[in-house]
Amino acid sequence: MKNILRYLVISCCLFPLACTKVVEVDLETAEPKLVIDASIDWIKGTAGNEQKIKLSTTTGYYNPVFPAVSGADIVVTNSENTVFSFVENAGTGEYICSNFHPVIGETYTLKVVLHGETYTATETCIAAPDIENNIEQNNAGGFGGDEVEISYYYQDNGNEENYYLHRIVSPVSTFPDYKAEDDGNSQGNLMQEYFSDKDLKPGDMINIRLYGISRRYYDYFRKLLTASGAGGGPFQTTPGQVRGNIINQTHFANFAYGYFRVSEVDVRDYTVR
Amino acid sequence: MRYKIIYALLLITTSFRAYSQEKVTLSGTITIKTNTETISGASIFIPAAKVSTVTNAYGFYSITLPRGEYTIVISHVGFENIEEHIMLTGNTRKDFSMLEKSKTLDEVVVKYNNSASNIRKPEMSVNKLSIATVKKMPAVMGEVDILKAILQLPGVSNAQEGATGFNVRGGPVDGNLILLDEAVVYNTSHLFGFLSVFNADVIKDLKLYKGGIPASFGGRTSSVLDIYQKEGNNKEYHLTGGIGAVSSRLLAEGPIVKDKGSFVVAGRASYGHLFLKLADNPNAVSFYDLNAKLNYKINDNNRIFLSGYFGKDNMDFSNFFRNNYSNSFFNLRWNHVFSDKLFSNASVIYSKYNYGLKIKYVGIDWVSDIRNYNLKYNFSHHLSDKLVLNYGVNSIYYQFNPGTIKPMDAASPVNAGQIEKKYAWENALYISADHQLTDQISLNYGLRYSSFLRLGEQHVNNYAGDQAVLFNPELQIYEEARPVSTTHYDKNRKIIDFGNPEPRLAVSYALNDHQSIKASYNRMSQYIHLISNTASVSPLDIWAPSDQYLKPEILDQVALGYFRNFSNGKYSLEAEAFYKKTQNKADYIDGAELIAHRAIEQVLLNGEARAYGLELMLKKNTGKLTGWLSYTLSRAEQRTPGRNAEEPGINRGDWYRANYDKTHNLSLTAAYQLSRKWSFGGIFTYQTGKAATYPIGKYQYQGITVANYGERNINSLPAYHHLDLSATYTPKPDSKKRWKGEWVFSIYNVYNRSNAASLMFEQNRETGLSEAKRISIFGIIPGVTYNFRF
Numbered sequence: 001m002k003n004i005l006r007y008l009v010i011s012c013c014l015f016p017l018a019c020t021k022v023v024e025v026d027l028e029t030a031e032p033k034l035v036i037d038a039s040i041d042w043i044k045g046t047a048g049n050e051q052k053i054k055l056s057t058t059t060g061y062y063n064p065v066f067p068a069v070s071g072a073d074i075v076v077t078n079s080e081n082t083v084f085s086f087v088e089n090a091g092t093g094e095y096i097c098s099n100f101h102p103v104i105g106e107t108y109t110l111k112v113v114l115h116g117e118t119y120t121a122t123e124t125c126i127a128a129p130d131i132e133n134n135i136e137q138n139n140a141g142g143f144g145g146d147e148v149e150i151s152y153y154y155q156d157n158g159n160e161e162n163y164y165l166h167r168i169v170s171p172v173s174t175f176p177d178y179k180a181e182d183d184g185n186s187q188g189n190l191m192q193e194y195f196s197d198k199d200l201k202p203g204d205m206i207n208i209r210l211y212g213i214s215r216r217y218y219d220y221f222r223k224l225l226t227a228s229g230a231g232g233g234p235f236q237t238t239p240g241q242v243r244g245n246i247i248n249q250t251h252f253a254n255f256a257y258g259y260f261r262v263s264e265v266d267v268r269d270y271t272v273r
Numbered sequence: 001m002r003y004k005i006i007y008a009l010l011l012i013t014t015s016f017r018a019y020s021q022e023k024v025t026l027s028g029t030i031t032i033k034t035n036t037e038t039i040s041g042a043s044i045f046i047p048a049a050k051v052s053t054v055t056n057a058y059g060f061y062s063i064t065l066p067r068g069e070y071t072i073v074i075s076h077v078g079f080e081n082i083e084e085h086i087m088l089t090g091n092t093r094k095d096f097s098m099l100e101k102s103k104t105l106d107e108v109v110v111k112y113n114n115s116a117s118n119i120r121k122p123e124m125s126v127n128k129l130s131i132a133t134v135k136k137m138p139a140v141m142g143e144v145d146i147l148k149a150i151l152q153l154p155g156v157s158n159a160q161e162g163a164t165g166f167n168v169r170g171g172p173v174d175g176n177l178i179l180l181d182e183a184v185v186y187n188t189s190h191l192f193g194f195l196s197v198f199n200a201d202v203i204k205d206l207k208l209y210k211g212g213i214p215a216s217f218g219g220r221t222s223s224v225l226d227i228y229q230k231e232g233n234n235k236e237y238h239l240t241g242g243i244g245a246v247s248s249r250l251l252a253e254g255p256i257v258k259d260k261g262s263f264v265v266a267g268r269a270s271y272g273h274l275f276l277k278l279a280d281n282p283n284a285v286s287f288y289d290l291n292a293k294l295n296y297k298i299n300d301n302n303r304i305f306l307s308g309y310f311g312k313d314n315m316d317f318s319n320f321f322r323n324n325y326s327n328s329f330f331n332l333r334w335n336h337v338f339s340d341k342l343f344s345n346a347s348v349i350y351s352k353y354n355y356g357l358k359i360k361y362v363g364i365d366w367v368s369d370i371r372n373y374n375l376k377y378n379f380s381h382h383l384s385d386k387l388v389l390n391y392g393v394n395s396i397y398y399q400f401n402p403g404t405i406k407p408m409d410a411a412s413p414v415n416a417g418q419i420e421k422k423y424a425w426e427n428a429l430y431i432s433a434d435h436q437l438t439d440q441i442s443l444n445y446g447l448r449y450s451s452f453l454r455l456g457e458q459h460v461n462n463y464a465g466d467q468a469v470l471f472n473p474e475l476q477i478y479e480e481a482r483p484v485s486t487t488h489y490d491k492n493r494k495i496i497d498f499g500n501p502e503p504r505l506a507v508s509y510a511l512n513d514h515q516s517i518k519a520s521y522n523r524m525s526q527y528i529h530l531i532s533n534t535a536s537v538s539p540l541d542i543w544a545p546s547d548q549y550l551k552p553e554i555l556d557q558v559a560l561g562y563f564r565n566f567s568n569g570k571y572s573l574e575a576e577a578f579y580k581k582t583q584n585k586a587d588y589i590d591g592a593e594l595i596a597h598r599a600i601e602q603v604l605l606n607g608e609a610r611a612y613g614l615e616l617m618l619k620k621n622t623g624k625l626t627g628w629l630s631y632t633l634s635r636a637e638q639r640t641p642g643r644n645a646e647e648p649g650i651n652r653g654d655w656y657r658a659n660y661d662k663t664h665n666l667s668l669t670a671a672y673q674l675s676r677k678w679s680f681g682g683i684f685t686y687q688t689g690k691a692a693t694y695p696i697g698k699y700q701y702q703g704i705t706v707a708n709y710g711e712r713n714i715n716s717l718p719a720y721h722h723l724d725l726s727a728t729y730t731p732k733p734d735s736k737k738r739w740k741g742e743w744v745f746s747i748y749n750v751y752n753r754s755n756a757a758s759l760m761f762e763q764n765r766e767t768g769l770s771e772a773k774r775i776s777i778f779g780i781i782p783g784v785t786y787n788f789r790f
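These protein sequence lines map, in sequence, to chains A and B.
Going by the working numbering, the first sequence opens with residue 1, and the numbers climb by one from there.
Going by the working numbering, the second sequence opens with residue 1, and the numbers climb by one from there.
Treat the hints as calculated values from the structure; they're not laboratory data.
These numbers were taken from a predicted model, which means no experiment stands behind them.
Virtual Cβ for every residue (Gly too), placed ideally from N, Cα, C.
Each statement offered as a hint is correct.
Which residues of chain A face chain B? A few of them, derived with a C-beta cut under 10 Å, are:
#	residue
1	Glu28
2	Tyr61
3	Gly188
4	Met191
5	Gln192
6	Tyr257
Same shape as in the complex, but just chain A (with noise of 0.2 Å):
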């Protein structure tokens, strides 16, 4: 349901007549400020042991370099008290944990201290169903029914409410494709998922990863994606400042952007035919 406005935005674009053209506009740039992007993984199949969070703060809009943010002391702790340290691979403003212990339906608590502030965040780990084996393409799909186009299949649980990311790393973009679902409309069935692109062609390696997210993390990710771009044009919604789940503790108005989230990962790879 998510996507319907990017697919209209997309046919209107059709109209022979508009164009898009790269433009640069003068913009100021805000005070930076702290982004922790603590992403818990679990993809199905490892221990999850080795996780990283990543600290950095915002810069200009045509700034190509993304300031990393060195020094702060990560914890992330269970319901039971585990401690699991993140210790920084100096001046990379990366933080790796190689022992960290995942559960389903654990909640988890991150605590970053940096420069005397402290900001936490709490999220429940959450499973996420497999990627069935039929992958299938078809090499007359997407927009205009000349592209190559992918769909994978999963299961939806009728028990609950669910919602699942999906990121698709391919060699046509330079970043991951993401998009966030729910299943408000599809309790308990067997889920479709399609990735198409006009530059797709055979040999091309994709990459799909599907989490299970919690509700306010899917609120967030939509939030984000057009944030990001990904549901622009002329029908867009109104984009504003997307904050995510992680509180400073010290000194309230001053949040930190990103969020901590802890998924299960189901990865499936597919070579193009």
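Fit chain B to the known structure of chain A by using the hints.
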């Protein structure tokens, strides 16, 4: 003492009787001689008695005078005046038919219906356009469009090229009451705003009320666009048509019974594949529409009209996306003249708008619609030459279907479902008076009482603390609440009701024959709302009725104006200032997903809106060169404060610009009749870019770059301007043959300006770098249309 009172009463009654006995009424209908169409707004003036009136929407007039001998002058712009000597000995019925002015070179008149400003009538904030004017204006691809024409009027704008609908005086698109032969039109656009649903060939005239709205109209807060279809020639058969770049059209009209009844049937259709570059592509975008109208004059006192419309848009991207939407209405009206002083019209109207969408990637087949049954009964009561009453009732029953959901095919994961239908009943009673108080002062005052009743069958959600939207103080975000229970209401059981008195007042004070000052106040209530959180209205937006969460919008508007005619009506100037405020303007929580939402109240916050501005219009009404210059300086804002001290609301509860807010809006429209064969038209438009929100930075999260946005709508897109030209060539203006043809050549956006419809801030897929992309809809577009009449 007692005798004195009786005497006084006697004196009053006798004098009253004497007064009424002395006076007689002249009434009738005014039509166009050549095609028998009735003329609305034609003026009837009796110089000796210094009284005047104008015909109503059905061409009917009524004027009351002392018995005697008079010269009566009937005038209407673009028509030869009629001067007739008349002996009034008793109540008299007299119809007139007017002749259009010939296009001789000495006296070329382009039929500007809205010519010299009306000095003495309290009517203000109203613009009229004749269809002849509209047809002379250059249009995109030569496709004549009345909605594009009204954008040239002061106080009227739209969000961007190709956007659906229009904004009046900072009001939202859904605040416009758009009536075609009195039937409500819910979506005015074909091809996603490229063209309007109104076929210019079948339209007789249109009137746009921006303020001072009479009590007979209600149900929307912003404006009334009142459009009438032609009645058809009741003497001869004719065919009118045109072949254009996007669509072709054909209209047939003629008598059913000569001099008594006539019909009009008109159709338009686009050429399906035109909109796609790839001719071999199975994809198609197309539309068609059909207008029909019959009228029959039973006798002098009774006339019946039947009109209908059906229009449909299709968009079919074979295996990806299918979309269609359609408007339809059917209307039966009965004009009845009770007496030479009492005119009535009863209407029964059914209208429907539906929207369908199929998306392969979602596997959904979704249909939504709104339909209504509308009953109207209106009386115009000509009490005296100084006082005309207008009163009536209006009753509308609505049925809203927010969505019927079906799986698109067997493989689709979508479960079939029906989002609960909603029912409502809107009623109104109104009375208003046109009152000439003195030679200088005229008034129009009235009161409308509107009520809105929500009816079952429905399951209504109940929320803890009646809060359908929750605020999370830790994360400072709004979230959808979950209902704690539902209450079931049986069919036709009352769920909630609203009632609002809506006073209306307009005053004009004539300084002299050429200048007047006018002021108006109106209150309007709106009970149905277009649910949209996108930067511009899209056909996906659905209508929803007011309920305990989505409160009725209530608008108050005041306007003040100065009107002046120069050089005997050759030029006129209209200047108006307005201020309006709307209570209960809803806005949406961040990230709200509105399509197929089962409980809209979970994403709505209640706020308010205001708009204010200054409008100037300078017109040249006669001569070879006619046209107008309009300028609007305005601001439209919205505010959604938190519900308590803890909540920030939207944009911290501060005022923010509406998405369609444009500070400056200038338009120059001109028509030039060079010779009897050639005429030219031109439009220049300059507007401040619409409000936008630009990033104030960005960050990286999970491998993607996320723009970080600042305060809502604080920026403006680059200025919007373009020049359009047209030329009309009539090869044989003097031809006595039945077949008459003309060519219209047009160029839209002559200097090929790339106006920004929006700016998209996104990551380049190849480089991963952040960039801003400008979307512009129309570059330079030439067009040719051939029009004919037979």
